[in-house]
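Number of protein chains: 2
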Amino acid sequence: MSKKLTSRAEDYSKWYNELVVKADLAENSAVRGCMVIKPYGYAIWEKIQAELDRMFKETGHQNAYFPLFVPKSLFEAEEKNAEGFAKECAVVTHYRLQNDPNKEGKLRVDPEAKLEEELVVRPTSEAIIWNTYKGWIQSYRDLPLLINQWANVVRWEMRTRLFLRTAEFLWQEGHTAHETKQEAITEAKLMNNVYATFVENFMAIPVIQGVKSESERFAGADETYCIEALMQDGKALQAGTSHFLGQNFAKAFDVKFTSKEGKQDYVWATSWGVSTRLMGALIMTHSDDKGLVLPPNLAPFQVVIVPIYKTEEQLNEITTIVNSILSDLRSVNISVKFDNRTTYRPGAKFAQHELQGVPLRVAIGPKDLENGTVELARRDNLTKEVISLNDLTNRVQGLMIEIQETLFDKARTYRDEHITEVNSFDEFKRVLDVKGGFLSAHWDGTIETEDKIKEITKATIRCLPLEYKEESGVCVYSGKPSKRRVLFAKAY
Amino acid sequence: MSKKLTSRAEDYSKWYNELVVKADLAENSAVRGCMVIKPYGYAIWEKIQAELDRMFKETGHQNAYFPLFVPKSLFEAEEKNAEGFAKECAVVTHYRLQNDPNKEGKLRVDPEAKLEEELVVRPTSEAIIWNTYKGWIQSYRDLPLLINQWANVVRWEMRTRLFLRTAEFLWQEGHTAHETKQEAITEAKLMNNVYATFVENFMAIPVIQGVKSESERFAGADETYCIEALMQDGKALQAGTSHFLGQNFAKAFDVKFTSKEGKQDYVWATSWGVSTRLMGALIMTHSDDKGLVLPPNLAPFQVVIVPIYKTEEQLNEITTIVNSILSDLRSVNISVKFDNRTTYRPGAKFAQHELQGVPLRVAIGPKDLENGTVELARRDNLTKEVISLNDLTNRVQGLMIEIQETLFDKARTYRDEHITEVNSFDEFKRVLDVKGGFLSAHWDGTIETEDKIKEITKATIRCLPLEYKEESGVCVYSGKPSKRRVLFAKAY
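As they're listed, the protein sequences go chains A and B.
Counting in the working numbering, the first sequence runs from 7 upward without gaps.
Counting in the working numbering, the second sequence runs from 7 upward without gaps.
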């Protein structure tokens with residue numbers, strides 16, 4: 007193993023970057039801002055995908071696939087959306103390379119192969135999808151149209167960080183069409199709720215559901231619902247968004263339907279997405295100075311078994327026992343790996359599995375053979391226990407639930423302790439500086455105030471929580487009246 | 007439903023294009039050569055993915071994800087590969103759009119945002135992946151490296167057809183690295199065999215395994231293994247390829263490893279892929295003039311139940327029975343849909359499910375209620391039977407296997423009847439013209455002859471089958487001596 011991880015206290019940002027690479031989750035590639043997702047990281051993403059996909063289908067959605075490219079003329083059709091993404095678009099202008107006549111063995115773009123119309127690499131797919139929906143929707147019988155796409159998208163970011171902000175990322179994007187405004191709003195809320203349920207139950211990350219302020223809204227949306235999480239350094243992370251798009255895209259692409267009553271109207275739309283950014287949230291919520299900590303629901307393998315032996319004979323004995331453990335655990339759907347590599351010593355294996363966040367380690371050595379025991383080591387709280395082999399399956403099943411819950415509870419406690427009500431701008435700045443986290447504050451509802459606060463403190467409105475109490479107060483910045491608190495934070 | 011499908015006899019190509027669209031599998035998009043895969047088509051692709059993914063993992067492979075873009079300088083590193091794909095590369099040259107100063111509300115490429123180095127949208131990922139492997143492989147302990155990627159790729163084709171040849175398509179690409187030449191060859195053969203097993207057992211499409219002639223080899227490969235299928239119009243379709251890449255990419259990207267003995271050597275490589283093209287093979291192998299025919303293993307739903315009723319009361323009675331059928335069938339893992347839409351009549355539903363190839367239709371009407379029966383209609387051979395409700399689960403289970411086998415047997419019989427041994431060039435041309443299919447012929451092994459035959463007949467060498475008998479003969483074209491027959495055909 008390579009040298010020790012930088013600690014969070016020392017340099018949180020460095021800790022994160024090192025952890026992602028050392029735990030074999032991802033690395034930077036030769037392409038500016040684009041990452042390689044390594045097998046171990048991708049296995050976690052596959053678990054995220056599988057569960058979300060199940061939840062989407064359970065709520066009536068179907069998957070489809072739309073083109074990677076968006077012709078410029080379609081891209082610009084919904085003006086706000088186009089304006090919001092124009093500055094970060096990768097653009098295909100040519101469709102052929104040729105031998106470079108000036109450089110032996112090199113290629114150059116063939117100047118003859120210029121596209122008549124440039125193609126934007128999708129930063130999001132509303133434009134290409136709504137242009138397609140135009141052909142799919144004629145009558146109320148075609149509605150609701152409930153579609154999801156798993157895809158890669160590209161947003162040319164100047165400052166990138168593995169998983170959190172990359173030029174190319176993987177995501178899913180739902181795009182739905184409805185007869186009525188109310189139905190579309192219900193859908194947008196439903197999917198935000200699906201995200202919240204998934205992120206809390208599966209990723210063990212507590213989130214706050216809310217709506218965005220106007221200036222933080224998705225370009226082209228009438229309302230953006232979101233789930234906001236809090237990282238260990240006190241910064242917030244937007245983990246998912248679900249947009250009520252009104253009739254904006256239907257109007258831009260002329261998508262009308264005939265109602266039961268024979269009336270023509272534009273359809274109502276939503277879109278919603280989560281991305282590989284969730285991997286960043288996962289890492290930053292649970293991990294510690296020893297490396298990654300994974301909730302059992304998302305671990306590529308939940309249990310690793312490491313044999314400790316000196317002789318071939320001991321290894322054989324251990325292997326016999328492990329084979330029976332493997333089949334017992336697998337029969338109750340525990341994913342388990344027997345790390346019987348002969349090229350690494352137990353110490354190196356322990357270090358690697360700790361770094362990679364395997365929830366539970368089982369070690370079996372010569373003493374265990376004598377006593378009919380095994381040693382369990384929990385990754386989350388680093389405790390160890392020796393138990394009878396007979397109790398193993400039950401104990402492991404129980405621990406999977408316990409670890410999952412412990413991680414969530416710990417994260418929720420931290421998060422709850424870091425929501426601070428502040429009632430003056432001085433307090434706002436001080437708490438932000440000293441403690442971080444979410445600041446629950448009155449705000450006068452104007453973009454001007456929001457901008458000023460951002461300019462001065464770098465904190466933004468993360469959301470107007472869906473759950474709140476009406477409360478008369480005055481804006482922390484302007485002193486103007488306000489009827490509710492909103493959540494500010496510095497954010498990823 | 008829209009008007010009748012063109013028949014295969016009338017215009018095979020038109021039949022295919024219409025079928026893909028009418029059965030709701032895919033359609034052309036606003037982007038030249040790029041398709042939209044519709045939910046029903048995508049659901050079939052998901053079944054293909056799930057089973058292949060399972061088989062890849064069972065053979066020790068892990069998934070990962072590499073960037074969409076390949077910097078031009080990396081792309082050109084392996085010269086043969088670069089030369090092979092240069093003419094069909096979409097190229098990103100800019101990373102920003104801006105408001106067009108000459109056209110209100112329009113965007114244009116920002117001339118200030120030109121990339122220093124152009125980015126090729128991956129037509130295949132050897133270059134970016136081998137550049138990454140350089141950092142992953144140091145010693146024999148890092149080998150074999152067995153990785154697969156599910157991704158979209160872009161090859162700028164001038165003449166495109168839904169699924170068969172599209173500018174963007176979805177695929178998986180395996181990329182492995184090995185210590186020895188023999189191990190890499192074994193891997194390439196193994197994966198070709200995985201493809202053959204999958205395509206035969208799951209897609210019910212018989213294939214011939216073989217190797218490509220030098221001129222049909224993948225650009226950058228030392229050997230290309232392939233599986234070749236035969237469509238109903240007598241044209242062959244390459245359904246998958248698996249390449250032994252020698253040390254070509256290891257040398258181009260300087261990927262060496264230290265062996266157990268401490269020696270340094272370049273690693274040996276394979277790559278292998280199948281794509282959404284398989285959808286085209288599926289459609290063209292089994293479907294008929296009434297529409298799509300799906301093998302039960304790949305059908306989004308294997309059984310559809312259509313209620314036939316006049317009164318609300320009848321529908322309620324039928325629904326009670328259907329609910330119990332649904333739970334019985336699902337308990338034995340049959341996927342089933344109850345088509346209780348009130349917006350369509352039974353006749354329209356029958357037509358739609360026939361067009362969409364649902365393997366088995368169950369109809370329940372008032373008479374069935376009286377008699378305790380249901381009517382089954384098989385999509386593959388269009389036969390019907392009335393059976394007792396009590397026998398339904400057993401019968402459906404049996405039919406799923408029977409239909410799967412029947413489809414495979416039918417396709418294999420057709421394929422076997424269309425492999426013709428030809429012994430002269432006249433016979434070659436006549437059989438190709440009149441009967442089509444594979445021509446098993448002696449060939450002198452030269453590219454010149456291969457080119458000449460292609461020029462004259464449009465037939466190419468599909469493969470040198472792995473299973474063959476040594477046999478002295480003379481080349482059908484040149485009359486020069488030959489030791490074995492190879493398979494020629496016109497191909498997609």
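Since the hints were derived computationally from the structure, they do not count as laboratory data.
Mixed in with the good hints, there may be bad ones.
Intra- or inter-copy, both count: the list cannot distinguish identical chains.
As the list claims (entries may be wrong) - Here are the computed lysine-lysine pairs in the PhoX-like style, where the Cα-Cα straight-line distance is at most 25 Å:
(1) K109 <-> K120
(2) K496 <-> K269
(3) K373 <-> K9
(4) K93 <-> K120
(5) K53 <-> K63
(6) K373 <-> K486
(7) K257 <-> K109
(8) K86 <-> K475
(9) K373 <-> K86
(10) K86 <-> K486
(11) K140 <-> K9
(12) K28 <-> K355
(13) K266 <-> K355
Hints, verified against the model:
1. K109 <-> K120: Close inside one copy (21 Å) and across copies (21 Å); limit 25 Å.
2. K496 <-> K269: neither (48 Å within a copy, 53 Å between copies)
3. K373 <-> K9: Neither: 31 Å inside a copy, 77 Å across copies.
4. K93 <-> K120: Answer is both; intra-copy 22 Å and inter-copy 13 Å each pass.
5. K53 <-> K63: both (16 Å within a copy, 15 Å between copies)
6. K373 <-> K486: Intra 72 Å, inter 74 Å, cutoff 25 Å: neither.
7. K257 <-> K109: between (50 Å within a copy, 21 Å between copies)
8. K86 <-> K475: The answer is neither: 33 Å in one copy and 67 Å across copies each exceed 25 Å.
9. K373 <-> K86: Intra 69 Å, inter 59 Å, cutoff 25 Å: neither.
10. K86 <-> K486: neither (30 Å within a copy, 69 Å between copies)
11. K140 <-> K9: between (57 Å within a copy, 21 Å between copies)
12. K28 <-> K355: within (14 Å within a copy, 56 Å between copies)
13. K266 <-> K355: between (65 Å within a copy, 20 Å between copies)
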